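Residue numbers (full-length UniProt numbering), protein chains in the order written: chain Y, 1 to 436; chain D, 1 to 436.
Do not rely on the hints blindly, as some may be mistaken.
Identical copies carry no separate label here, and so any pair may be met within one copy or between two of them.
[Said to hold, decoys possible] List time: in silico SDA-like cross-link candidates among lysine to any residue, alpha-carbon distance up to 25 Å:
{"hint": "1", "residue 1": "199", "residue 2": "12"}
{"hint": "2", "residue 1": "101", "residue 2": "113"}
{"hint": "3", "residue 1": "196", "residue 2": "12"}
{"hint": "4", "residue 1": "101", "residue 2": "335"}
{"hint": "5", "residue 1": "18", "residue 2": "196"}
{"hint": "6", "residue 1": "307", "residue 2": "317"}
{"hint": "7", "residue 1": "33", "residue 2": "222"}
{"hint": "8", "residue 1": "200", "residue 2": "9"}
Source of the hints: derived by calculation from the structure; they are not laboratory data. Here the structure is a predicted model, which is why all the values come from computation and not from measurement.
2 protein chains.
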Amino acid sequence: MKVIKNEREFGAFLTALKRRGSSDNPAIARAVKTILEDVRKSGDEAVLKYTRRFDDPKAARLRLSPREIERHAGKADPEIVKALRISAQRIRKFHGMQTEKSWSFCEAGSVLGQSIRPLGRVGVYVPGGTAAYPSTVLMNVIPAQVAGVKEIVLCVPAVGGQLNPYVMSAIKMLGVSEVYRIGGAQAIGAMAYGTKGIKKVDKIVGPGNIYVATAKRMVFGLVDIDMIAGPSEILIIADDRADAPVIAADLLSQAEHDELASSVLITDSKRLALAVSDEVQRQLSILKRKKIAEASISRYGAIVLTKDLRDAVSFSNRIAPEHLEIMTEAPEELLPLVDNAGAVFLGHWTPEALGDYAAGPNHTLPTNGTSRFFSPLGVYDFYKRSSLVGFTKKGFQRLSKVVEALADSEGLDAHANTIRIRKEMLRQGTSYQGKD
Amino acid sequence: MKVIKNEREFGAFLTALKRRGSSDNPAIARAVKTILEDVRKSGDEAVLKYTRRFDDPKAARLRLSPREIERHAGKADPEIVKALRISAQRIRKFHGMQTEKSWSFCEAGSVLGQSIRPLGRVGVYVPGGTAAYPSTVLMNVIPAQVAGVKEIVLCVPAVGGQLNPYVMSAIKMLGVSEVYRIGGAQAIGAMAYGTKGIKKVDKIVGPGNIYVATAKRMVFGLVDIDMIAGPSEILIIADDRADAPVIAADLLSQAEHDELASSVLITDSKRLALAVSDEVQRQLSILKRKKIAEASISRYGAIVLTKDLRDAVSFSNRIAPEHLEIMTEAPEELLPLVDNAGAVFLGHWTPEALGDYAAGPNHTLPTNGTSRFFSPLGVYDFYKRSSLVGFTKKGFQRLSKVVEALADSEGLDAHANTIRIRKEMLRQGTSYQGKD
Numbered sequence: 001m002k003v004i005k006n007e008r009e010f011g012a013f014l015t016a017l018k019r020r021g022s023s024d025n026p027a028i029a030r031a032v033k034t035i036l037e038d039v040r041k042s043g044d045e046a047v048l049k050y051t052r053r054f055d056d057p058k059a060a061r062l063r064l065s066p067r068e069i070e071r072h073a074g075k076a077d078p079e080i081v082k083a084l085r086i087s088a089q090r091i092r093k094f095h096g097m098q099t100e101k102s103w104s105f106c107e108a109g110s111v112l113g114q115s116i117r118p119l120g121r122v123g124v125y126v127p128g129g130t131a132a133y134p135s136t137v138l139m140n141v142i143p144a145q146v147a148g149v150k151e152i153v154l155c156v157p158a159v160g161g162q163l164n165p166y167v168m169s170a171i172k173m174l175g176v177s178e179v180y181r182i183g184g185a186q187a188i189g190a191m192a193y194g195t196k197g198i199k200k201v202d203k204i205v206g207p208g209n210i211y212v213a214t215a216k217r218m219v220f221g222l223v224d225i226d227m228i229a230g231p232s233e234i235l236i237i238a239d240d241r242a243d244a245p246v247i248a249a250d251l252l253s254q255a256e257h258d259e260l261a262s263s264v265l266i267t268d269s270k271r272l273a274l275a276v277s278d279e280v281q282r283q284l285s286i287l288k289r290k291k292i293a294e295a296s297i298s299r300y301g302a303i304v305l306t307k308d309l310r311d312a313v314s315f316s317n318r319i320a321p322e323h324l325e326i327m328t329e330a331p332e333e334l335l336p337l338v339d340n341a342g343a344v345f346l347g348h349w350t351p352e353a354l355g356d357y358a359a360g361p362n363h364t365l366p367t368n369g370t371s372r373f374f375s376p377l378g379v380y381d382f383y384k385r386s387s388l389v390g391f392t393k394k395g396f397q398r399l400s401k402v403v404e405a406l407a408d409s410e411g412l413d414a415h416a417n418t419i420r421i422r423k424e425m426l427r428q429g430t431s432y433q434g435k436d
Numbered sequence: 001m002k003v004i005k006n007e008r009e010f011g012a013f014l015t016a017l018k019r020r021g022s023s024d025n026p027a028i029a030r031a032v033k034t035i036l037e038d039v040r041k042s043g044d045e046a047v048l049k050y051t052r053r054f055d056d057p058k059a060a061r062l063r064l065s066p067r068e069i070e071r072h073a074g075k076a077d078p079e080i081v082k083a084l085r086i087s088a089q090r091i092r093k094f095h096g097m098q099t100e101k102s103w104s105f106c107e108a109g110s111v112l113g114q115s116i117r118p119l120g121r122v123g124v125y126v127p128g129g130t131a132a133y134p135s136t137v138l139m140n141v142i143p144a145q146v147a148g149v150k151e152i153v154l155c156v157p158a159v160g161g162q163l164n165p166y167v168m169s170a171i172k173m174l175g176v177s178e179v180y181r182i183g184g185a186q187a188i189g190a191m192a193y194g195t196k197g198i199k200k201v202d203k204i205v206g207p208g209n210i211y212v213a214t215a216k217r218m219v220f221g222l223v224d225i226d227m228i229a230g231p232s233e234i235l236i237i238a239d240d241r242a243d244a245p246v247i248a249a250d251l252l253s254q255a256e257h258d259e260l261a262s263s264v265l266i267t268d269s270k271r272l273a274l275a276v277s278d279e280v281q282r283q284l285s286i287l288k289r290k291k292i293a294e295a296s297i298s299r300y301g302a303i304v305l306t307k308d309l310r311d312a313v314s315f316s317n318r319i320a321p322e323h324l325e326i327m328t329e330a331p332e333e334l335l336p337l338v339d340n341a342g343a344v345f346l347g348h349w350t351p352e353a354l355g356d357y358a359a360g361p362n363h364t365l366p367t368n369g370t371s372r373f374f375s376p377l378g379v380y381d382f383y384k385r386s387s388l389v390g391f392t393k394k395g396f397q398r399l400s401k402v403v404e405a406l407a408d409s410e411g412l413d414a415h416a417n418t419i420r421i422r423k424e425m426l427r428q429g430t431s432y433q434g435k436d
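Let the sequences and hints guide you as you build the complete structure.
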């Protein structure tokens with residue numbers, strides 16, 4: 001792995017990292033736009049056409065029946081289904097901590113508050129083919145259920161006619177009953193615009209390839225979306241006493257995802273830097289997804305040598321990684337210095353993989369430096385809020401002068417009129433409301 | 001005003017309303033893209049060039065000095081500044097209810113939680129010219145301050161070299177010290193990419209014209225943005241006893257904003273429908289912004305007659321208005337039926353204008369039907385969250401089997417390795433971490 005020892009090298013690496021995300025490909029944008037337009041105009045017919053073209057030439061019905069879900073789920077290994085169930089329980093417990101309640105307070109003739117309600121209808125996108133993961137189903141559906149979303153619809157393409165038995169097990173386990181075997185931009189279009197067969201949703205969540213991501217970005221505003229996901233990162237801060245084989249394994253667990261994934265170790269120990277570099281080479285050679293991991297490590301892997309651990313955290317903050325593992329003597333001491341990270345994993349016994357599957361927190365995290373401003377997917381993503389405002393006559397009278405003055409200063413006399421007309425009718429006794 | 005009496009007419013009106021938002025203008029998109037690219041490449045030089053071209057031919061320095069802010073603020077009427085101060089206090093109190101704290105809990109060998117921190121640096125956009133409103137400053141800056149954002153930067157164009165004294169008063173009052181006299185797509189570009197003189201921000205909030213909105217949409221992902229704002233709405237649900245002049249005034253207060261604004265009354269009373277229609281005509285004739293209000297009312301104004309008030313709420317939910325006034329005998333009884341609304345104003349004494357300026361809740365609300373899934377601007381918009389995960393050796397051992405099984409089922413063996421290697425080293429006693 002390349003070793004970075006100074007600010008100049010770090011700057012160049014950071015630029016390369018950020019550039020991974022700039023997938024502003026006009027050809028893809030055009031293709032996606034065509035599909036979306038087609039779905040908007042021709043509905044189910046267009047969805048079926050693209051499903052046949054891209055996923056399954058034999059596709060006929062778009063909706064999966066409960067029996068089909070059952071049948072595919074039946075092929076799953078019960079041991080793994082049990083693991084999924086334990087995982088689902090932990091995820092549900094963690095997200096249960098994120099529920100919020102409507103609130104209000106009274107003050108001098110007014111009641112003010114905010115009503116917090118679940119979204120009405122949410123669409124979850126689950127990739128198909130080799131990227132079909134049951135954990136995607138758990139991590140996207142459970143927070144919506146915890147928020148109280150009543151209608152959850154799920155789209156998963158049957159690539160080559162195949163459906164993943166574990167994805168189907170997760171769907172069955174969570175009781176999602178509205179499932180379509182569709183994917184790509186056509187699935188996003190169907191959920192955003194609605195078709196005869198598929199009612200439009202309020203929000204679309206879930207990962208996907210560049211076509212899915214581009215389509216989500218294009219329909220944003222017509223519906224809400226979760227976030228703009230980019231290539232992902234692991235960043236490990238470690239001191240001299242950390243175990244090199246463990247760090248190497250954790251770096252590679254990110255690298256195997258994607259050639260654009262980034263795996264970075266930041267340490268103040270030269271000894272550890274060398275040992276990890278050797279271990280990465282050794283472990284790489286026996287991985288199933290060696291090719292992907294190798295490409296990722298060689299382009300976006302690095303070991304940054306810093307003078308101390310405080311410095312290590314400040315470099316980490318500039319990368320703003322999706323996953324941050326702190327493997328030092330006292331990881332919690334560095335925690336207050338961490339500004340930007342999707343999720344922080346504390347200590348030797350907390351490999352990122354625990355968080356990917358079963359620890360409880362969501363594995364949908366802000367990538368590619370966006371943890372500067374985005375947050376993990378959570379129950380809060382499935383609420384909508386309305387402000388509540390109520391004034392009594394006295395409360396109105398108390399505040400009316402302020403509002404009149406401000407409306408006048410902004411030159412909005414129809415705004416000021418709404419105050420004046422109430423005062424005038426009150427004075428004249430012409431409003432029955434004056435009685436209260 | 002046009003009166004809508006059946007589902008067919010309502011459907012046509014709803015379609016017209018939704019179409020207002022589809023400002024997918026390719027010429028504007030191209031112009032904005034050019035400006036953004038230019039700002040990205042040439043920085044301050046490009047910003048100054050466009051500022052001279054669009055706002056102020058004499059523009060020289062981009063940053064406003066404290067003395068300039070002071071000087072412009074000095075021209076404000078002290079009575080109105082006092083009103084702004086009262087307004088700011090109420091807004092701060094309301095938003096204080098939205099603060100959140102980091103949390104964590106321990107469970108069987110693991111600590112799980114979420115750290116909630118303010119964004120590092122936020123950019124607030126304030127329009128210039130006739131749309132320069134001091135209330136924009138209060139409503140966008142205060143929630144960021146309440147969240148604890150340390151760096152708040154504000155951009156406001158000096159259209160024709162002019163700066164609004166009340167905008168400057170609000171800036172001074174809130175202690176915002178980093179202020180640039182720039183606007184349009186060039187201001188959005190400067191904040192999103194950063195220039196030599198203007199450090200890049202994490203999030204951009206605030207209203208703007210179509211160029212600003214388009215630019216915000218384009219930089220979304222590189223930075224966060226508040227929401228995609230569209231034309232706004234007022235919707236009033238009223239029963240037979242409501243006061244027609246008051247309702248007409250409230251409808252017009254929305255209509256005067258913008259020709260695309262929509263003002264709708266939904267009532268079960270024919271008498272009220274007629275009375276309001278007459279009143280609107282009467283009050284229209286004496287408004288300063290008569291032309292705008294007239295265009296808005298004639299195209300996007302309507303009175304919907306329903307058989308009862310429950311029905312009225314269900315029509316309202318389909319429109320999903322930005323502002324919903326309920327002027328019925330017992331407005332709180334209808335409240336539980338309201339699904340979609342940016343803000344709800346209860347009863348005769350709560351004109352929307354109170355909320356626009358001084359009631360306390362934010363006036364930045366989801367428009368054009370997006371209250372189905374977006375929320376008012378709030379303190380929550382200025383936080384970022386990180387998940388926290390920490391396992392002890394025992395906790396790790398307990399969960400490791402589950403995670404190994406799931407990683408294997410997803411074919412991600414490098415993920416499974418991170419578990420296996422820890423278990424193996426523990427067994428062999430080769431990890432010093434085994435001691436814990």
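For each hint, the structure was consulted:
Taking identical chains as interchangeable, the C-alpha atoms of residue 199 and residue 12 lie at most 25 Å apart only when they sit on different chains, with a minimum of 19 Å there against 47 Å within one chain. In this assembly of identical chains, residue 101 and residue 113 lie within 25 Å of each other by CA distance both inside one copy and across copies; the values are 11 Å within and 19 Å between. For the identical chains of this complex, residue 196 and residue 12 are inter-copy neighbours only, at 18 Å across copies versus 51 Å inside a copy, given an alpha-carbon limit of 25 Å. Proximity of residue 101 and residue 335 under a CA criterion of 25 Å is satisfied inter-copy only: 16 Å between copies versus 29 Å inside one chain copy.
Only between protomers do residue 18 and residue 196 lie at most 25 Å apart by alpha-carbon distance; the minimum there is 19 Å, versus 41 Å within a single protomer. In this homomeric assembly, residue 307 and residue 317 come within 25 Å of each other (Cα to Cα) only inside a single copy, at 16 Å, whereas the closest approach across copies is 59 Å. For the homomeric pair residue 33 and residue 222, the shortest alpha-carbon distances inside one copy (15 Å) and between copies (22 Å) are both at most 25 Å. Taking the shortest Cα distances, residue 200 and residue 9 sit within 25 Å of each other only across copies (22 Å), while inside one copy they are farther apart (48 Å).
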